[in-house]
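Here's the letter readout for the chains.
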Amino acid sequence: MPEVTTAHYVVLSAVIFAVGLFGVVTRKNAVIILMSLELMLNGANLAFVAFSRHHGNLQGQVFTFFVIAVAAAEAAVALAILIALFRLKGSVTLDDVTELRG
Amino acid sequence: MEGLSFWVGGTLTVTAGMLAVTRRNAVASVMWLVAAFMGMAVLFFGMDAAFLGVIQILVYAGAILVLFLFVIMLLNLTPSALVRIDRPRAKVLGLASAGFFVTMIVVVAMGSQAWTTGEKAHRIGSSAGPRASDVLPVADQLFEQHLLPFEVASILLLVAIIGAVVLTKRKV
Amino acid sequence: MDRAPLLAYVTLFAPLAATVVITLFTLKHKALSGFLALAGIVTGLVCTILLATDVFAGTKFPPHEIDWLSVGGITLKFGVMVDSLSVLMSLVVTGVGSCIFLYSTGYMKGDEGYSRYFACLSLFAFSMLGIVFSTNFVQTFIFWELVGVSSYSLIGFYFAKPSAVDAGKKAFLTNRIGDFGMTCGILLLFFTLAEHGISTSLSFAELAPIFHDAAKHGLDPYSGTLALAAFLIFTGAMAKSAQVPLHVWLPDAMEGPTPVSALMHAATMVAAGVYLVARTYFLFFNYHDALEVIAGLGAVTALLAACMAFVQNDVKKVLAYSTLSQLGYMTLSLGLFGPGAAMFHLTTHAAFKALLFLGAGSVIHGCHHEQDMRHMGGLRKLMPVTAWTFIIGSAALAGIFPLAGFWSKDAILTTALHESRVLFGVGLVVAFMTACYMGRAYLMTFEGEYRGHAKVHESPATMTIPLVVLAGLSIVAGFFSLPIGFLGREHPGALDHMIVGPGGPAWFPGILEDHFNLMVAAGGTLAAVLGIIVAWRFYGSRAWSIESFTATIGPIHRWVVNKFYFDEVYLWIVREIQQRVADVCAWFEKNVLVQGVVKGLSDFTRWLGYLVRLMLDGHLHRYVTMALFGIVAILAYLGMRN
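Residue numbers (this note's numbering), protein chains in the order written: chain A, 13 to 114; chain B, 22 to 193; chain C, 22 to 663.
Be a bit skeptical, because a hint or two may be false.
As the list claims (entries may be wrong) - Listed below are the simulated DSS-like cross-link pairs for lysine-lysine, each with C-alpha atoms no more than 25 angstroms apart in a straight line:
1. K584(C) x K190(C)
2. K476(C) x K130(C)
3. K40(A) x K101(A)
4. K190(B) x K101(A)
5. K130(C) x K182(C)
6. K40(A) x K112(B)
No wet-lab data here; the hints were simulated from the structure.
Throw the hints in and build the complete structure from the sequences for me.
Shown next as structure tokens:
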């Protein structure tokens, strides 16, 4: 097995990010999109930790910690919005929500 | 050891993530996402970031995804309700962009000499200083250097809780 | 703050306070408004007198400045300069001003805009004092413009009268030309100095030493650029002090109320140009070419205006042209290294010209707003106080010993003789003409038979008291030039010292070497007496016929009556050149700028908006995809660069 370097981690984080991105672009269900978003955040987190180790300090880890905190807040609010949306429209499919039309 | 954690965790995360974003059944998606987050935790442990690994399992796999599950059940999203309208164009587009994205990252990452030598990659592990896997230095960072952001984050969470309550209340 | 700058600030801001209070609170209470304005200017007068006791005793005060505005590396300052020059000018403004404010309370009685009048008048006093105490070019320019505005509002005071409105506009526009030149001059000065590595806040106190030792600061003392800057700054003075060819506004400005004419368009405001040049004489001193032009312009103005004064029938117009002529005299002196003499003449002229205007106002008031001298005559018996003070004023203006005009005119003539025989000759001729047309004005108004119809009465005490006070001043103002007086080089408050600015002894050699020349005095007096005799022969004894005389000089008379066609030339320029250019510009704007550029741009924007709207259909996926494309594009760019 070849030695694992920071570059490996960066590529892996990009792959995870891309998987989440794929979900965001293709899915129509808002809940699934939110989950894909969480995956994207995880991809970014991985890169943070990898660089943190690369530079030999803990800043990246601390930042990841804050990302997780913000992700938790985001999930709570986003899901609350989804519930409100569901009450209003009876659906959480994004095709039904086009109020942002310019 | 680290090579092992990288390949195991990486494979698990990517495979489970792919499955999670493509399942019709939302509950199945959540389950696969749990698996993907577990893989992330493995990666964190492998990188001597034990604290983050624990947090990953507790907060992400535990709290956040349980929240998702609750919502899915609350909304009664049966698989029939989740029938996807076929979007071949979107799928192709998404796949193409995601692939391109990864390619570019690979090009950029591999093009940078410093990251590929692996020389620095083990510095923390081999140095005589405190090991990064100790929670102590992380705590020191959080409560000494970054105390204000830490407190702000807690206020953010409080605001999020209140916001969620207000948003979901039927009548104010 | 020290006592001196404090007094100066009080002098400066007391009239402004009056303006503000009148405008905001007392527009309805006429008597109170008049009292407030009077209180403001008298406060200024008292403070100035207190200052004068220090300054003329030889005490020197450094200029007091505060930082007003910092932009980039440039700091603009606001402050007061207390030296003998500014205090002398302030004495003129507040002294003559006080008389005229008092006079106005009587003259304007019963007018609709009584309060407005006093608000404007106080604003003018504030602006004028701002120029007087200014420490730098920027401050001067601000107050310069303020003076223009208040002048405009007072000339057009009777705004229901079209001729008054037109006169106000004319004054304003003519002054614009000068102000534009002045702006260019200040900027040119600033940038030229910056080019030589001298960064200044354009403070007189900073600039004076630089120009004095021009060579030491790397400045070419004979550089054309700086001469041009000096001359451009002078164009500002040229417009305000009504020098040919920017003089056309001053006679029309007589549309304003007579006290306004007295205060602004005779005594103080029009003197601002002379004051400015005297204040910034360090600029001009090195540039003899610029000075020669100035002297020439002054001589031409003095001569032409004196000619035009002969053919006016409106008593105020005679005085207006006389003012022009006297301003030309002062400018002539400025151009001949005699700023001290110019300032001296400015001071005495302020006293007797204000007196003459107020006298004319009294006559107009007494004759129920009749201004044409052909409908007057014999008023001496009906209005004795006005008549006698008018005689004193006229004699002072003509330069009869020992009245004020004699001394100051003598100072200018001495300066002229020292520098140029030709200009000295012009000065003598103008002195003769001055005496002659003033004799004509007096004889037509006060002697002979009364030719009008209205019932004439003497003016009230509020109007005659200022007349008497000013008459007193017209008699004594000249004595300051006697050996103990201003012009003596040894006296610490001497005018020579004022000119060069703060702190220094007379830096510029050659300013007014000798003070009193018996020959000059005799010549000037002879010219004046001759002028009076000629006037008497024509208008008093009627020994000579004015009709046959005008017939003899035919074409010259026609030129003079038509004011040398200045107005016609300007009208032609406006109608034929400016209008054509404006037409072309209007066509270009309408068809190219508006139709093409403006409308084209708006159409393009709207079209683009439609296009974008098509994309933004509210589907979140599209938005995300677009964002994705953006990221991919950025990455592609980064990858390409690697």
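Here's how the hints hold up against the structure:
1. For the hint pairing K584(C) with K190(C), the CA-to-CA distance comes to about 19 angstroms; that is within 25 angstroms, so the pair holds.
2. A C-alpha spacing of about 19 angstroms is found between K476(C) and K130(C), which places the hinted pair at or below 25 angstroms, so the restraint holds.
3. Straight-line distance between C-alpha atoms of K40(A) and K101(A) comes to about 15 angstroms, which keeps the hinted pair within the 25 angstroms bound.
4. Distance check on the hinted pair: K190(B) and K101(A) sit about 16 angstroms apart at the alpha-carbon level, within 25 angstroms; holds.
5. The suggested pairing of K130(C) with K182(C) holds, with an alpha-carbon distance near 19 angstroms, which does not exceed 25 angstroms.
6. Our distance criterion of 25 angstroms between C-alpha atoms is met by K40(A) and K112(B), whose separation comes to about 12 angstroms.
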